[in-house]
Amino acid sequence: MKSLFLTILLLGLLSALQITGTWYTKAFVVDKSLVPDWKGPRKVFPVTVTALEDGSWEAKTTLLIKGRCLEKKVTLQKTEEPGRYSAYHGKKLVYIEELPESHHCIFYCESQDPGKKFRMGKLMGEGSSETPVSCPMVPTPQKTPGTAVPKHVHTHRHTHLCLTHTHAHTRAQEEDAAVTPPSGLGAEDK
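Taken in order, the sequence shown gives residues -16 to -1, 1 to 174; the numbers are from mature numbering (1 follows the signal peptide of the UniProt record, and there is no 0).
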């Protein structure tokens, strides 16, 4: 009985080890009928997946929103169905499918939130655009409605520089706000 348990545990760890690491977005697919104004990503950063002790995963990435970098972490909770995870307290389902012998995965996400339907798929690869890894299982994405190939795929170095610049810029703004009086106040108003 113990050997069966250890075998199952080892297979679960082996599965997690194959998906953990840094993944780079190669292509997006979005249901355009649900998000008609979506124009696709301009810049994408790598996703780092880490196995947690309870069998869940943590996915961490950087988002560029209105010119500012924001680090985002999402915990993917294990479900009873293999390859299926829930996020945001069950509001989103994430399916992860490894493509055999290609060092690529498909990350598929769908919203379970009533009134906020959303479906998106990402082809993720282990190599960045600087070190491309071909995926023989998946044809090169064509320009079709709802499909996008990111224009700029950033590396870990870009992520670090972006976050460092954003944090330094935020600190400088906070220091300026502490020293500079609010507009409309002159020296005599202090």
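Derived from the structure by calculation, the hints contain no laboratory data.
Just so you know, not all the hints are guaranteed correct.
Taking lysine-lysine pairs in the DSBU-like style, the calculated list, with each CA pair at most 30 Å apart, reads [claimed, not checked]:
#, residue 1, residue 2
1, K27, K57
2, K100, K56
3, K75, K101
4, K101, K27
5, K76, K62
6, K76, K100
7, K75, K44
8, K62, K44
9, K50, K75
10, K100, K57
As the structure is a prediction and not an experimental result, all values here were calculated from the model.
Hint-by-hint comparison with the structure:
Between K27 and K57 the alpha-carbon distance is near 18 Å, which keeps this suggested pair within the 30 Å criterion. This hinted pair checks out: K100 and K56 have alpha carbons roughly 20 Å apart, not beyond 30 Å. Our distance criterion of 30 Å between C-alpha atoms is met by K75 and K101, whose separation comes to about 10 Å. Of the pairs offered as hints, the one joining K101 and K27 holds, with about 24 Å between alpha carbons and a cut-off of 30 Å not exceeded.
With a CA separation close to 12 Å, the supplied pair K76 and K62 stays within the 30 Å bound. At roughly 10 Å between alpha-carbon atoms, K76 and K100 fall within 30 Å of each other, so this suggested pair holds. Between K75 and K44 the CA atoms are separated by roughly 18 Å; this keeps the pair inside 30 Å, and the hint holds. With a CA separation close to 17 Å, the supplied pair K62 and K44 stays within the 30 Å bound.
Restraint check: the Cα-Cα separation between K50 and K75 comes to about 25 Å, which is no more than 30 Å; the hinted pair holds. Distance restraint check for K100 and K57: the Cα-Cα separation of roughly 21 Å lies within the 30 Å cut-off, and the hinted pair is therefore satisfied.
No hint from the list above goes unmet by this structure.
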